[in-house]
Amino acid sequence: MLEINRIDVYYGDLQAIWDVSLSIPEGEMVTLIGANGAGKSTVLKTIVGWLRPARGTIRFDGLRLDNQPTWKVVEKGICLVPEGRGLFHGMTVLENLEMGAFIPRARKAESEAIKKIFEVFPILKGRRNQPAETLSGGEQQMLAIGRGLMSQPRLMLLDEVSLGLAPLITENIFEVIKQINKSGVTVCFVEQNAVLALELASLAYVFEGGRIVKQGEAKALRKDKGIQDAYLGTE
Amino acid sequence: MTPDFVAQILAYGIIMGALYGLASVGFTLVFGVMRVLNVAHGAFMMIGGYLSFWGFTLYHIDPFVSLLLVGPSLFLIGLIFYIVQVFPVIKFTDDHDKINTSLLISFGLSVVLENVALLLWTGDIRSITGTYTENVFEIFKIRIPLVGIVGIGLAVLFVFALYLFLIKTRFGKSIRATAADWKAASLMGINTNRVYLISFALGVALAGIAGTLICVIHSIDPYIGLFWTLKGMIIITVAGVGNIRGVLACGLLLGIVESLSVFIAGASYREVAGLIILVIVLMVKPKGLFTTKVRGV
Amino acid sequence: MEKDWRGWLMIAALLVLLFLLPLAVKSDYYINLLFLLLFNAALAQSWNILGGYTGQISIGHSAFFGAGAFATRLLWVNGVPLLLSLIIGGIIAVILASMIGFPALRLRGPSFAIGTLALAEALHLTIRNILPGVAFLPGKYIATYTLIPRYYLALTLVGVTSIVTYIVMNSKMGLAIEAIRNDQDAAEASGVNLFKYKVLSLTLSALFMGLAGGVFAYYHPSYYIAYPFGIGWSFEPLVMTIIGGAGTLIGPIIGATFFVGLREVLVIRLGEMHIILFGIIFVLVVIFLPGGIVEGIEKISRHLFRGGQKQCTNERRA
Chain A
177 MLEINRIDVY YGDLQAIWDV SLSIPEGEMV TLIGANGAGK STVLKTIVGW
227 LRPARGTIRF DGLRLDNQPT WKVVEKGICL VPEGRGLFHG MTVLENLEMG
277 AFIPRARKAE SEAIKKIFEV FPILKGRRNQ PAETLSGGEQ QMLAIGRGLM
327 SQPRLMLLDE VSLGLAPLIT ENIFEVIKQI NKSGVTVCFV EQNAVLALEL
377 ASLAYVFEGG RIVKQGEAKA LRKDKGIQDA YLGTE
Chain B
133 MTPDFVAQIL AYGIIMGALY GLASVGFTLV FGVMRVLNVA HGAFMMIGGY
183 LSFWGFTLYH IDPFVSLLLV GPSLFLIGLI FYIVQVFPVI KFTDDHDKIN
233 TSLLISFGLS VVLENVALLL WTGDIRSITG TYTENVFEIF KIRIPLVGIV
283 GIGLAVLFVF ALYLFLIKTR FGKSIRATAA DWKAASLMGI NTNRVYLISF
333 ALGVALAGIA GTLICVIHSI DPYIGLFWTL KGMIIITVAG VGNIRGVLAC
383 GLLLGIVESL SVFIAGASYR EVAGLIILVI VLMVKPKGLF TTKVRGV
Chain C
43 MEKDWRGWLM IAALLVLLFL LPLAVKSDYY INLLFLLLFN AALAQSWNIL
93 GGYTGQISIG HSAFFGAGAF ATRLLWVNGV PLLLSLIIGG IIAVILASMI
143 GFPALRLRGP SFAIGTLALA EALHLTIRNI LPGVAFLPGK YIATYTLIPR
193 YYLALTLVGV TSIVTYIVMN SKMGLAIEAI RNDQDAAEAS GVNLFKYKVL
243 SLTLSALFMG LAGGVFAYYH PSYYIAYPFG IGWSFEPLVM TIIGGAGTLI
293 GPIIGATFFV GLREVLVIRL GEMHIILFGI IFVLVVIFLP GGIVEGIEKI
343 SRHLFRGGQK QCTNERRA
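Residue numbers (our numbering), protein chains in the order written: chain A, 177 to 411; chain B, 133 to 429; chain C, 43 to 360.
Calculated directly from the structure, the hints in this document are not laboratory data. Remember, predicted model here, so these are calculated numbers, not experimental data. Among the hints, a few may not be true.
[Said to hold, decoys possible] FRET-style restraints, in silico, Cβ to Cβ:
#1 A/I299 - B/F297: 31 to 37 Å
#2 B/G398 - C/S140: 26 to 32 Å
#3 A/S287 - B/F303: 19 to 25 Å
#4 B/N325 - A/K284: 22 to 28 Å
#5 B/E270 - C/N120: 39 to 45 Å
#6 B/L201 - C/N74: 36 to 42 Å
#7 B/L208 - C/K341: 51 to 57 Å
#8 B/G304 - A/G360: 44 to 50 Å
Every residue gets a Cβ at the ideal spot worked out from N, C-alpha and C, and that includes glycine.
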């Protein structure tokens with residue numbers, strides 16, 4: 177579904193990603209893991225169009241993505257739940273969700289989608305007229321994910337969902353993400369918590385210093401000695 | 133020093149205040165959405181005023197009718213200037229750089245515009261005087277010019293039209309989202325470049341409309357640019373960034389305060405009052421007096 | 043290091059040349075032109091200290107200029123020796139700076155620019171109201187008016203300003219200042235006392251601006267008292283410095299030369315419209331060549347001499 181072919185990405189003069197190729201097959205739950213600053217978030221930012229690769233291509237269903245502006249990427253069916261959530265702080269929970277359904281395709285299904293999201297995250301329903309910034313960390317994350325879903329995505333990218341959240345809440349949220357994946361949305365998430373990531377994902381790519389050093393089925397990587405030592409602590 | 137006199141000054145202050153508010157709405161829109169300090173805002177007002185002046189003296193177009201022409205013309209001019217003035221700046225991701233550079237660019241452009249106006253219209257003070265500009269109403273012994281009332285009415289009209297546009301329409305919401313967080317807005321499928329372009333052009337169009345009103349109610353010359361830009365800066369500083377209704381309120385407030393200062397200290401210190409307020413507010417509450425919650429509008 | 047050395051030598055040579063010039067050139071027109079050049083260079087260099095090196099863009103320097111001019115003129119025409127008048131003018135400007143500066147420096151970026159603009163304009167309007175008259179030069183001063191001392195005074199001022207700038211920017215204080223210009227927050231996080239250095243920078247900048255005001259008072263036979271407080275005196279140093287190259291030592295001087303020279307050439311052809319050309323050039327510089335003419339020269343010499351390679355080390359730009 178999404179093919180990244182040998183991209184190099186720079187922040188100004190500083191190279192962040194070297195020769196990265198990866199593919200996200202439809203329906204899968206893919207994870208990008210690795211240490212801080214290894215380049216995982218950069219990949220997501222490049223897919224969505226905030227950054228342009230200096231070399232290489234990105235294709236979605238065969239169509240070039242790397243030369244498109246962000247809003248076009250979103251229209252094609254990719255959404256990003258960014259690091260730090262990117263909620264609109266001047267707006268209420270409901271308004272944030274409504275903003276999520278901005279593109280024409282999503283606007284038609286707006287009320288249906290909002291109903292569904294309130295079913296999945298009942299807490300949001302209770303707080304729907306509250307300003308987004310008054311929500312707790314976990315609730316904000318739920319709102320960010322809900323808002324992402326409003327655009328009727330085929331591929332959902334998530335950047336560091338667990339950041340700043342208590343383990344229990346993180347588990348709940350990832351349960352929901354798993355449900356989302358089961359309902360047909362392809363998921364690709366960046367996660368620092370490698371244990372959690374490898375438990376949930378079907379495929380994984382391991383990043384180090386801006387390159388992919390290992391990849392494959394999550395099941396297999398869980399058992400990989402090198403991965404265990406570096407990221408999983410004592411098994 | 134009779135109450136009538138005070139009331140008269142206040143009435144005049146309210147009229148000017150409404151103009152200040154209208155003049156500043158476009159300024160705050162541009163700054164709120166793209167953090168661009170359009171120092172040339174006053175210059176665009178001046179151009180708008182001159183265009184309606186031309187329309188009136190050359191083709192006898194009623195100034196209030198010419199608003200229909202001035203608005204779109206300045207919108208177009210805004211589109212052009214966006215490319216020159218804002219485009220090179222948008223690529224900066226650092227807000228501080230953005231503001232500094234846009235400050236400088238718009239300052240340079242305002243100087244150019246000012247001197248082009250000087251070239252085209254000479255330095256004489258211009259004003260539009262027509263059949264009804266001399267009409268004055270007397271209410272409770274206060275003399276209020278007809279155009280003053282129309283001016284207040286139009287100012288309130290335009291400000292609220294903008295407000296409704298931003299709150300109710302889809303595009304307006306996309307403007308607010310972009311102003312709040314442009315990256316998140318892009319993730320909603322919003323074409324942020326188009327938002328910037330339209331917002332800027334809209335801001336310039338509003339400036340032009342304000343300029344027309346000023347030409348009728350007051351007067352214009354090539355040097356008013358700085359005067360009005362300063363007023364705009366004072367008002368958005370006091371009202372807080374992006375606060376549309378607050379801008380109108382603060383405009384009125386400023387008009388009233390200035391009038392009172394005339395009452396207290398004499399006419400020549402009118403400008404000083406506003407400037408001192410600006411500095412005090414900057415030091416005490418840099419985010420603005422009216423921003424308790426950053427609601428965005 | 044090597045570049046510092048060469049630039050410094052060039053400046054020294056130039057200074058000597060300028061010093062000896064009046065012996066060779068007798069035409070009042072050219073002496074006057076050179077005076078304007080040096081005077082504007084001093085103005086630009088003063089603004090450069092706060093606006094260029096420290097990165098705090100002020101549009102309110104006219105207050106210091108006006109204050110210096112006012113004090114100097116007042117003292118000088120009443121018999122106080124010129125040098126003393128100038129010094130006191132500078133001190134008055136510094137006092138004003140502390141009154142304006144201490145509150146204003148708590149502001150950042152555009153707020154600071156707007157705040158300084160507002161205060162300077164407020165002062166300007168106030169002075170215009172209180173003292174609407176003209177400052178005349180008493181008879182005997184007019185009778186003995188010669189350009190040469192004015193010329194040397196301007197030369198001395200720009201020289202002193204530049205030397206002090208150089209010394210300061212190459213000291214520990216200069217390091218702090220460069221850090222502030224680069225990234226205020228990072229500087230603060232590294233332990234730099236933002237306020238202290240901003241105040242020092244402002245004080246220095248105001249001092250030289252005030253002295254320049256004094257030179258103006260000495261040079262101009264008669265002018266509206268409020269004139270030196272006008273906004274143009276805030277704009278012109280800014281424009282000259284940025285076109286020349288903000289944050290460099292020769293930038294302001296190049297900018298002033300460009301400004302005065304071009305104005306001389308154009309005023310004849312274009313009259314008042316030369317300002318339009320300047321405005322356009324200014325905008326183009328800000329967009330395409332933010333480092334000013336100095337950056338332009340840097341780029342050209344880079345391509346000519348080093349085949350386009352950037353210097354790896356961070357050169358001190360004083």
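**Request:** Kindly indicate which numbered hints from before are broken by the structure, ordering the numbers from low to high.
**Result:** Violated: hints 5, 6, 7, 8.
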